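Trainee: Spelled out from the first residue to the last, the chains are:
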Amino acid sequence: NAGVMQNPRHLVRRRGQEARLRCSPMKGHSHVYWYRQLPEEGLKFMVYLQKENIIDESGMPKERFSAEFPKEGPSILRIQQVVRGDSAAYFCASSPLRLRTGRNQPQHFGDGTRLSIL
Amino acid sequence: ELKVEQNPLFLSMQEGKNYTIYCNYSTTSDRLYWYRQDPGKSLESLFVLLSNGAVKQEGRLMASLDTKARLSTLHITAAVHDLSATYFCAVDHSTTQGGSEKLVFGKGMKLTVNP
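Residue numbers (my numbering), protein chains in the order written: chain A, -3 to 114; chain B, 7 to 121.
All clues given are correct.
Cut-off 20 angstroms, straight-line C-alpha distance, at most; resulting in silico cross-link-like pairs (PhoX-like, lysine-lysine):
#1 Lys67/A to Lys47/A
#2 Lys113/B to Lys40/A
#3 Lys116/B to Lys40/A
These are computed hints drawn from the structure, not numbers from a lab. This one's a predicted model, so the numbers in the text were calculated from it and none came from an experiment.
Here chain B stands alone, though its shape is the one from the complex (with noise of 0.2 angstroms):
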């Protein structure tokens, strides 16, 4: 069974400082999503990670993909008050061969970046 654990699940940082998160999986994919979600909305999606190597930002966050050692990282840059959010990883546990298709996520990580 595929499990996805992120680390940490809480995470209170100044603004302008770095940091970075972390997405551990159990077993082999090769797809890996990055959510960000604002109390009471839906999921925003981040970044697609495709492949192992695969490494993409946007604005202050970027995200990479080590397919080998099963963990991907979200690195947050210069921290501002607007990322305030929780972060999830999901892992996508399809196959080319048909069947189950869906999306196996984190507990997340709520953010609080303070002024």
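Bound conformation, chain A alone (with noise of 0.2 angstroms):
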């Protein structure tokens, strides 16, 4: 029973070059969280994703930064130009459909992608 699958683990870019990060959720999961985690801070929301659908990108830099996560396949976070400043932890979290409540239920996290720019 996978968990929440994200790759590659680690990532090494050069700034102006593009980085992609991938992320399968949990089988039966249909909505998708990313998350950034700068060195000694919590995890900043970025944007949450349902199959074909961006629900919230509130918390992603409105340049350079893009998500998607198509019918089939995982969802892809991508950073194009990237910065030194983009250097962080990307983790991916999953959750199946809403209860009858209307609430959400608890979300799994994967392993996170480490992105570092030289």
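Please assemble the complex out of the two chains, which come individually in their own frames, going by the hints.
Mentor: As structure tokens, this is what we get:
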């Protein structure tokens, strides 16, 4: 029973390159969340997606960052023209469909991708 | 805007001692999580607190929630070295009406338990 799978675990990019981070949610989960963790900080929400829909991207920087969760395949967090300040751990979480109460169920986290910018 | 504050942010304690750490949050929420994170690792879910007065215990850790005071505590009993980690509380910013579904995290408390 695989959990949330993220790859790669570590990614090194030079300034100006593109970074693509992948997240496969747990089986049966249709909600995906991306969070960013800077050193010595808590996780900060970036974006919440359901299949083929971005529900809330209020935590995403306005430029260079984008996310998608296609009908088939993993969710992708894409960072264009990376800068040193993008160095962080990026965590993906997933949860199943809403309960009848309308509340989402607890999120399960992947192991994260550590992005380093040279 | 929902803010979550943890106190203290760093704690060094001796094995065998007890201590309580605190998590305050600024707006109404009825779901609070405690996570543990080891260096370079993901978040391990410790507790989910769903209602006012909820108390949960697992081993040497006990968590409680007071939604009226907007406060959760994590109590450590007879600490051991293996408890050394960073502990995060996170508050559910979801609503039953839909819209944003996100967790707002505190900065974390780095715990070191000395033999």
